[in-house]
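> Numbered continuously in our numbering, the sequence shown closes out at residue 290.
These aren't lab readings, by the way, just hints derived from the structure by calculation. Do not rely on the hints blindly, as some may be mistaken.
Claimed, not checked - Once the Cα atoms are required to be at most 20 Å apart in a straight line, the calculated PhoX-like pairs of lysine-lysine come out as: (1) LYS237 with LYS227; (2) LYS140 with LYS81; (3) LYS161 with LYS140; (4) LYS223 with LYS237; (5) LYS223 with LYS235.
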Amino acid sequence: ENLYKNAPNKESADEEYGCVPKKSGGTYLGRVLIEQAMVADHSIPIIRYEAPEDFMSWSVAVREAEMQTFCDENLSPLLEKLNPEERHTFGEDFARRGDLTVFTPLSIRSDLRKRAPFVVELRSLTYEQQAQVMMFIMRKLPRLSGAAFDATGNGGYLAEKAALEFGTDMVDQVMLSAGWYQEWMPKLKAEFESFNIEVPRHQNILDDLLQIKVVNGIPCIDKGRTKDEGASNAKSKRHGDFAVSLAMANRASYMDGGEIDFTPLPNRDSRWGEYSDDDDSYLDQIEGAY
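Could you build the full structure based on these sequences and the hints that come with them?
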């Protein structure tokens with residue numbers, strides 16, 4: 001009985017201790033396949049924030065200031081390094097308590113190679129502050145061409161926020177289902193098999209991607225949970241959170257809702273000031289504008 005209690009799920013326990021074969025094809029992405037996509041130089045950072053236990057007792061102003069400082073200090077330098085010539089997408093997996101909310105942007109080069117420039121993991125953070133971090137990232141992604149969100153259950157809050165800000169053509173509000181997994185997990189696997197994607201090198205990333213299992217012929221996230229290495233609470237768990245977030249970002253790369261980019265208009269003192277009242281002439285002077 002204790003052996004079954006310690007197993008990730010009953011099906012795994014039956015297989016391990018009762019010699020009952022699983023009704024599935026096992027792990028979807030092999031460990032070797034995952035590790036070859038992990039950058040050897042550890043150049044892709046994972047930025048984490050765990051809300052203190054008394055976070056909800058803080059005033060709105062203090063909570064907002066805390067997260068603004070977090071974004072300014074940790075995310076701004078990374079966002080400023082992104083190549084403005086490359087398209088970018090955004091993927092999200094949502095959790096409020098228990099698991100993690102994970103934000104994964106993807107940079108897409110001209111040769112269509114994909115790279116997660118950084119990953120953000122949030123634990124036990126309020127809805128509004130999750131939205132604050134999400135907006136901070138998305139507004140600064142160069143040539144944002146699509147975003148996909150886990151809109152299942154409470155995840156619909158962030159998904160709706162993003163859709164209202166960036167438009168429903170730009171944001172896919174995904175209701176996770178067997179049909180969605182069946183359509184989009186093979187496309188994610190193809191990125192790994194063609195050596196076309198780069199992800200962080202970390203045990204948590206490996207564990208999350210190994211959580212994609214084939215159940216009744218469909219690749220989906222296994223019910224079991226894994227340890228969250230590096231969490232302040234040793235009992236903290238993960239549930240394939242990065243895997244879903246990455247699948248969402250990859251799904252967003254197939255969207256054609258149009259690019260969002262921001263180019264500030266010059267002030268009157270700039271060298272373009274003489275064209276301030278002549279839109280056509282002004283645009284003719286800028287090379288490479290989107």
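> All the hints need checking, so say for each whether the structure fits it.
Tested hints:
{"no.": "1", "hint": "LYS237 with LYS227", "in the structure": "holds, 5 Å"}
{"no.": "2", "hint": "LYS140 with LYS81", "in the structure": "holds, 11 Å"}
{"no.": "3", "hint": "LYS161 with LYS140", "in the structure": "holds, 16 Å"}
{"no.": "4", "hint": "LYS223 with LYS237", "in the structure": "holds, 12 Å"}
{"no.": "5", "hint": "LYS223 with LYS235", "in the structure": "holds, 17 Å"}
The earlier numbered hints are all upheld by this structure, with none contradicted.
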